[in-house]
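*Asks:* Listed below are the residues making up each chain.
Protein chains: 2
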Amino acid sequence: MSITALAGGIGGARFLRGLLHAVPDADITVIGNVADDITLHGLHVSPDLDTVMYTLGGGINEEQGWGREDETFSVAEELAAYGAHPQWFTLGDRDIATHIVRTQMLSAGYPLSAVTEALCDRWRPGVRLLPVTDERVETHVVVADDTGMRAIHFQEWWVRWHARIAAARIMFVGIDSATPAPGVIEAITNADVVILPPSNPVVSIGPILSVPGVREAVASTDAPVVGLSPIIGAAPVRGMAGATLRSTGVEVSAAGVAGMFRDILDGWLVDTSDADSVAGIEALRTEGHLRCRAVPLLMHDVEAAAAMAREALDLAWSSRRQDA
Amino acid sequence: MSITALAGGIGGARFLRGLLHAVPDADITVIGNVADDITLHGLHVSPDLDTVMYTLGGGINEEQGWGREDETFSVAEELAAYGAHPQWFTLGDRDIATHIVRTQMLSAGYPLSAVTEALCDRWRPGVRLLPVTDERVETHVVVADDTGMRAIHFQEWWVRWHARIAAARIMFVGIDSATPAPGVIEAITNADVVILPPSNPVVSIGPILSVPGVREAVASTDAPVVGLSPIIGAAPVRGMAGATLRSTGVEVSAAGVAGMFRDILDGWLVDTSDADSVAGIEALRTEGHLRCRAVPLLMHDVEAAAAMAREALDLAWSSRRQDA
Numbered sequence: 001m002s003i004t005a006l007a008g009g010i011g012g013a014r015f016l017r018g019l020l021h022a023v024p025d026a027d028i029t030v031i032g033n034v035a036d037d038i039t040l041h042g043l044h045v046s047p048d049l050d051t052v053m054y055t056l057g058g059g060i061n062e063e064q065g066w067g068r069e070d071e072t073f074s075v076a077e078e079l080a081a082y083g084a085h086p087q088w089f090t091l092g093d094r095d096i097a098t099h100i101v102r103t104q105m106l107s108a109g110y111p112l113s114a115v116t117e118a119l120c121d122r123w124r125p126g127v128r129l130l131p132v133t134d135e136r137v138e139t140h141v142v143v144a145d146d147t148g149m150r151a152i153h154f155q156e157w158w159v160r161w162h163a164r165i166a167a168a169r170i171m172f173v174g175i176d177s178a179t180p181a182p183g184v185i186e187a188i189t190n191a192d193v194v195i196l197p198p199s200n201p202v203v204s205i206g207p208i209l210s211v212p213g214v215r216e217a218v219a220s221t222d223a224p225v226v227g228l229s230p231i232i233g234a235a236p237v238r239g240m241a242g243a244t245l246r247s248t249g250v251e252v253s254a255a256g257v258a259g260m261f262r263d264i265l266d267g268w269l270v271d272t273s274d275a276d277s278v279a280g281i282e283a284l285r286t287e288g289h290l291r292c293r294a295v296p297l298l299m300h301d302v303e304a305a306a307a308m309a310r311e312a313l314d315l316a317w318s319s320r321r322q323d324a
Numbered sequence: 001m002s003i004t005a006l007a008g009g010i011g012g013a014r015f016l017r018g019l020l021h022a023v024p025d026a027d028i029t030v031i032g033n034v035a036d037d038i039t040l041h042g043l044h045v046s047p048d049l050d051t052v053m054y055t056l057g058g059g060i061n062e063e064q065g066w067g068r069e070d071e072t073f074s075v076a077e078e079l080a081a082y083g084a085h086p087q088w089f090t091l092g093d094r095d096i097a098t099h100i101v102r103t104q105m106l107s108a109g110y111p112l113s114a115v116t117e118a119l120c121d122r123w124r125p126g127v128r129l130l131p132v133t134d135e136r137v138e139t140h141v142v143v144a145d146d147t148g149m150r151a152i153h154f155q156e157w158w159v160r161w162h163a164r165i166a167a168a169r170i171m172f173v174g175i176d177s178a179t180p181a182p183g184v185i186e187a188i189t190n191a192d193v194v195i196l197p198p199s200n201p202v203v204s205i206g207p208i209l210s211v212p213g214v215r216e217a218v219a220s221t222d223a224p225v226v227g228l229s230p231i232i233g234a235a236p237v238r239g240m241a242g243a244t245l246r247s248t249g250v251e252v253s254a255a256g257v258a259g260m261f262r263d264i265l266d267g268w269l270v271d272t273s274d275a276d277s278v279a280g281i282e283a284l285r286t287e288g289h290l291r292c293r294a295v296p297l298l299m300h301d302v303e304a305a306a307a308m309a310r311e312a313l314d315l316a317w318s319s320r321r322q323d324a
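Just so you know, the sequences run in chain order A and B. For what it's worth, the working numbering labels the leading residue of the first sequence as 1, then goes sequentially. For what it's worth, the working numbering labels the leading residue of the second sequence as 1, then goes sequentially.
Check the hints yourself; a few may be wrong.
[To be verified] A few chain A residues facing chain B, derived, Cβ under 10 angstroms:
1. A76
2. T248
3. E251
4. P296
[Claimed, not checked] Just the calculated beta-carbon pair ranges, DEER-fashion:
5. B:Q87 to A:Q87: 50 to 58 angstroms
6. B:P86 to A:R262: 51 to 59 angstroms
7. A:S220 to B:A80: 43 to 51 angstroms
8. A:P182 to B:R136: 52 to 60 angstroms
9. B:P86 to A:E62: 29 to 37 angstroms
10. B:Q87 to A:E77: 19 to 27 angstroms
11. A:S2 to B:R136: 32 to 40 angstroms
12. A:I165 to B:R124: 33 to 41 angstroms
13. A:E62 to B:W161: 38 to 46 angstroms
14. A:E186 to B:P86: 33 to 41 angstroms
15. A:M1 to B:D146: 52 to 60 angstroms
These are computed hints drawn from the structure, not numbers from a lab. Where a beta carbon is used, it is the ideal one built from N, C-alpha and C, also for glycine.
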C-alpha cells in the first residue's frame, strides 16, 4: 500500500507516527511544508521538515513537540552575549548541527530534497520525506502597527508575536515560480491514498497545495483523498491556527477547513464533538462525493494517532469503493 | 606608553596577560596571526585571535589554553552523528557562537579587522587586537606519504597528525598578495616598544612578519624591538614548535630562533638555563646591537608572565638608551 501525506509540523508529525504504527509495512511518502523555513544566523532552518524527521526518527523533544530531546543551549546563550539578532528564535545546540549540515550542503549546490534525504539517512524516519519544492518559498505575514503596514516572516509573527498581531494577509513569497521537487507529483499521482493530516490548513497544507501543479495533482489523482480536521469545536487542537484562519476569512471550525479543500477531498474526518456538522460538510462538494465521519481526533498518544490513521484509511477505502 | 606585540596563540596570549598585569595603563596593540584560520562546517575559525581574545577577556579554558571555559559539545556530537567532516577538529558549542558571528559578519562584507573589533566589544580584552591582514592567508604544510607529496592545511597537520608527519615545507598561501590590515603598520611605526612574545616563530610570528610591509616596518621602526625565546634548552616551552623549526632547517634552540629575527631584533630574552648562549646570540646581529639576557621564561602563572614582561620592557629601555 502506497500512502502519500501532505504534512506540516507537530500535528502532521504526530499523525504520521500514528500512521506508521497502524500500517508499518506501508510505503509512505511525506510531502513536507518548507514555507516556514527561515535563515537564522546564516543557517537554513526547516522547522516542519525537521519536526517530521525528529518525531519519526526518535529525536524529538516529546513535551514541546519540536526541537531535539536532551537539548543544550550554549550557542544561543553566547549569540545573545554577542548581541546577535534575532533573539526571539532560540536554536538548540543539537538542532544547530542539523542546520549546519543543511546549510553546508545547500551551499555546495545540493537541492533541499537531496539534503533532506541525506539528513534522513541518519534519522531513518521510516517514510520518504520530500520537501514540496526545492525552490525557496517563504510565508510572510502582513501586519499593521503605528507605522503602517509591513510584511514580516511567518516565524517572526508566530514565534515572536505569538500570532497576537492581527494578520491582514498571509503570503507565500516565491510560490508562483516554484516547481514541485522531484517525486512530489508522482507520489500524489501514483498513491493508493492521499492523506491531509491535521496540520495547519493555512500555513502548512496551504503552501504545499499552492506550489503550482500540486493542488491539480491532488485533485486529479485516482487515489481517494482524505483529511483530518485540525479544528475541534471552534478551537485548533493545538497552536494558533485560529489566527491564521481568521486572517484568510475562514470560519474556525471543522467545516470551515473542509471548505478550503472541498475541490480535492473525497473524505473528511471531524471529531466526535463535531458530529452535527457532518451533513453540512458532505454537502460542501459540488461534484463527486465528499464523505464525512465523526471520530475521536485528539492525539493523546501514539495509539490514539494510530486509531485516527486507521479511521482515515477506512474512510479512504470506502470512498474508493464508492467511486468504483 | 605604547606597546605593540606580534602574537600567535597560547604562548602569546599568556604573555600578553602578564604584560597587561605588569603595565595595566599601557596602550597595547596586538597584531594577531590569521594564517592558521580555517573554515570548518562553513564557519570561519580564527584560533589565534580567539585565544588572545578569550585569554585576555576571561573566557579561556585555562587548563588547555585554548577554547572556552564551561564548554559543551552538543553540536560536535551531532555533526559526528551525521558523519560530517572533518571530524579531527572538535568545535565547542560556545566557541561555535563566536564563529557564527564572525562568519555572518564576513559574509555581510565586513573585513576581519572590523569583525574582530566587534567580537572584542564583548570580551574587552584590554588591548587593541588587530589581525595582521584582512586578506585570507593560510598556512599549508607539504607532507609526503605513500601517494607522494601533498599540501594539507596547517590545522590538519597540527591537530589531526600532531605534527608527527615530517613537513617538507611550510607555506603561507596568499601571503604575497596580502596587505597589512588598517592600523598594523602605524602600530609598529608609532610604538614605544615592539615585542615578540614567546609564540611559535615559524607558524605564528612567521606569517605576521611575512605580510608584505610588516617585517620592513618592524626593522625600520624607531622603537626597540625585543623578543622572548619560545625555546628553552632544546625544547619548545609547549606545543610542537620543534617540528616547525626542523621543517625550516632552523636549530631548535633559543639561538636558532633569535637567528630567524636577527635583522629586526634589538633585544632577546632567553631562559636562565640557556645563559651560555647569550654571547653567541649577541654576535648574531651584523649591524646595530643585539642585547641578550637570560631570565626565567617559564610562564607558570600570571605573575611569572608579568615578570617576563617587565624583563622584556627593561631590555627594551636599555636598548633604547644605548641607541640614544
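*Asks:* Each hint should be assessed against the structure and marked as holding or not.
*Replies:* Each hint, compared with the structure:
no. : hint                                 : result
1   : A76                                  : 8 angstroms, holds
2   : T248                                 : 35 angstroms, violated
3   : E251                                 : 43 angstroms, violated
4   : P296                                 : 37 angstroms, violated
5   : B:Q87 to A:Q87: 50 to 58 angstroms   : 31 angstroms, violated
6   : B:P86 to A:R262: 51 to 59 angstroms  : 54 angstroms, holds
7   : A:S220 to B:A80: 43 to 51 angstroms  : 45 angstroms, holds
8   : A:P182 to B:R136: 52 to 60 angstroms : 37 angstroms, violated
9   : B:P86 to A:E62: 29 to 37 angstroms   : 33 angstroms, holds
10  : B:Q87 to A:E77: 19 to 27 angstroms   : 25 angstroms, holds
11  : A:S2 to B:R136: 32 to 40 angstroms   : 51 angstroms, violated
12  : A:I165 to B:R124: 33 to 41 angstroms : 38 angstroms, holds
13  : A:E62 to B:W161: 38 to 46 angstroms  : 43 angstroms, holds
14  : A:E186 to B:P86: 33 to 41 angstroms  : 37 angstroms, holds
15  : A:M1 to B:D146: 52 to 60 angstroms   : 53 angstroms, holds
Violated hints, in rising order: 2, 3, 4, 5, 8 and 11; the structure is consistent with all others.
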